[in-house]
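Asker: Heads up: the protein sequence lines correspond to chains A and Y, in order. If you read the first sequence in our numbering, its first letter stands for residue 1, the second for the next number, and so on. If you read the second sequence in our numbering, its first letter stands for residue 1, the second for the next number, and so on.
Keep in mind that the hints were calculated from the coordinates and are not lab data. Glycine included, every Cβ here is placed at the ideal spot set by N, Cα and C. Treat the hints with care, since some could be wrong.
[Stated by the list, open to error] Label-pair distances were calculated between CB atoms; the ranges are:
#, chain 1, residue 1, chain 2, residue 2, range
1, Y, Asn8, A, Glu59, 23 to 33 angstroms
2, Y, Asp54, A, Thr13, 25 to 35 angstroms
3, Y, Ala16, A, Ser73, 37 to 47 angstroms
4, A, Lys42, Y, Ala16, 26 to 36 angstroms
5, A, Asp62, Y, Gln82, 27 to 37 angstroms
6, A, Ile60, Y, Ser26, 13 to 23 angstroms
7, A, Glu3, Y, Tyr27, 24 to 34 angstroms
8, Y, Pro55, A, Leu84, 39 to 49 angstroms
[To be verified] Below, computed lysine to aspartate or glutamate pairings styled on DMTMM-like, alpha-carbon distance capped at 20 angstroms:
#, chain 1, residue 1, chain 2, residue 2
9, Y, Lys95, A, Glu1
10, A, Lys42, Y, Asp54
11, Y, Lys95, A, Glu85
12, Y, Lys95, A, Glu56
13, Y, Lys106, A, Glu1
14, Y, Lys61, A, Glu1
15, Y, Lys49, A, Glu59
16, Y, Lys106, A, Asp108
17, Y, Lys106, A, Glu85
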Amino acid sequence: EPEVTQTPSHQVTQMGQEVILRCVPISNHLYFYWYRQILGQKVEFLVSFYNNEISEKSEIFDDQFSVERPDGSNFTLKIRSTKLEDSAMYFCASSASQGGNQPQHFGDGTRLSIL
Amino acid sequence: AQSVSQHNHHVILSEAASLELGCNYSYGGTVNLFWYVQYPGQHLQLLLKYFSGDPLVKGIKGFEAEFIKSKFSFNLRKPSVQWSDTAEYFCAVNKGGGADGLTFGKGTHLIIQP
C-alpha cells in the first residue's frame, strides 16, 4: 500500500535556527497537509496545500511557517526561526480528494526538538 | 469553527470485553467524520470514515461507528477487543464537501489487558 514518507524521523535544532521538514506524499494525491502534536496534547491542523498554493491555514501557521512543493514529489514545511514551543511531532498527510470526501493518509511524523 | 471532544482519555479493558469510545463534535453544517488509530511507534491509520449515507459504518479490524446527527456523536465500537487493539484512538472531523484540515479530539489511550 502506498505510504506518505517523512524525513528526518527526528530533528534536533538550536532555538532561532531554521528547520525544514520533508514529506513525500502518495504519488497520485492532490491535497497535502501539515499537522503538529505537542507532547501530551491533541493533533492540530497547521496548513493545507492544493494546486501549488495554500488552501487553508490555522492560527498556528504564522509568518514563521511556510510550505513549498519544490518539485513533483516533495512537500516541505519550513520554520524560519524556531522557538522552544515549536518542539512537537509534525505529521504530513495527503489525500486524493478533488472536491472532497477522501480520507487523509498520514506519515510517521518528524519529532522536532528545539534546544 | 468545529471542535471534537473525546470523553475518555484512558480506557483499560480485558480481552474479549466490548468497547465503546465516545466522540462528540460541534459544527452546524455538513461534516465528514473519522476515527484514526495510532499503534505504538506507528503512524496514524484510518479505522473508518463517514461521509454520507448509512450512519452505521464498518471499518477495519472489526470496528464500527454510528453517526447520530441529533446528538452530534460518532462513537466507536467493537464487540470483543483483543490485546493487539492497544493503541491511541483519535476522532476527527472536517467540513463536508471540501478537503479541509481535520480537527482532532484529544485521543483515547486504550490498553487491553490479556
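Asker: A separate judgement is required for each hint: does it hold in the structure or not?
Answerer: Results for each hint:
Between asparagine 8 of chain Y and glutamate 59 of chain A the beta carbon distance is about 28 angstroms. The supplied range of 23 to 33 angstroms therefore holds. For the pair aspartate 54 of chain Y and threonine 13 of chain A, the beta carbons lie near 47 angstroms from each other, so the given range of 25 to 35 angstroms is not met. The hinted window of 37 to 47 angstroms between alanine 16 of chain Y and serine 73 of chain A holds, with their beta carbons roughly 45 angstroms apart. Range check, lysine 42 of chain A to alanine 16 of chain Y: about 30 angstroms between beta-carbon atoms, so the 26 to 36 angstroms window is met.
Checked against the hint of 27 to 37 angstroms, the C-beta distance between aspartate 62 of chain A and glutamine 82 of chain Y comes to roughly 43 angstroms, which is inconsistent with it. In this structure the hint that isoleucine 60 of chain A and serine 26 of chain Y lie 13 to 23 angstroms apart at CB holds, the actual value being about 20 angstroms. Checking the proposed 24 to 34 angstroms range against glutamate 3 of chain A and tyrosine 27 of chain Y shows it holds: the Cβ atoms sit about 30 angstroms from each other. Checked against the given bound of 39 to 49 angstroms, the beta carbons of proline 55 of chain Y and leucine 84 of chain A, roughly 44 angstroms apart, stay inside it.
With a CA separation close to 27 angstroms, the supplied pair lysine 95 of chain Y and glutamate 1 of chain A exceeds the 20 angstroms bound. Between lysine 42 of chain A and aspartate 54 of chain Y, the direct Cα distance comes to roughly 29 angstroms. Violation of the 20 angstroms bound is thereby established for this hinted pair. Simply put, lysine 95 of chain Y and glutamate 85 of chain A have alpha-carbon atoms about 29 angstroms apart, too far for the 20 angstroms limit, and the pair is violated. The hinted pair formed by lysine 95 of chain Y and glutamate 56 of chain A meets the criterion: a straight-line CA distance of about 12 angstroms does not exceed 20 angstroms.
With a C-alpha separation of about 28 angstroms, the suggested pairing of lysine 106 of chain Y with glutamate 1 of chain A is violated against the 20 angstroms cut-off. The straight-line distance between the Cα atoms of lysine 61 of chain Y and glutamate 1 of chain A is roughly 17 angstroms, inside the 20 angstroms bound, and the hint therefore holds. About 26 angstroms separates the Cα atoms of lysine 49 of chain Y and glutamate 59 of chain A, which puts this hinted pair outside 20 angstroms; it is violated. Of the pairs offered as hints, the one joining lysine 106 of chain Y and aspartate 108 of chain A holds, with about 18 angstroms between alpha carbons and a cut-off of 20 angstroms not exceeded.
Between lysine 106 of chain Y and glutamate 85 of chain A, the direct Cα distance comes to roughly 19 angstroms. Compliance with the 20 angstroms bound is thereby established for this hinted pair.
Hints 2, 5, 9, 10, 11, 13, 15 from the earlier list are contradicted by this structure; the remaining hints agree with it.
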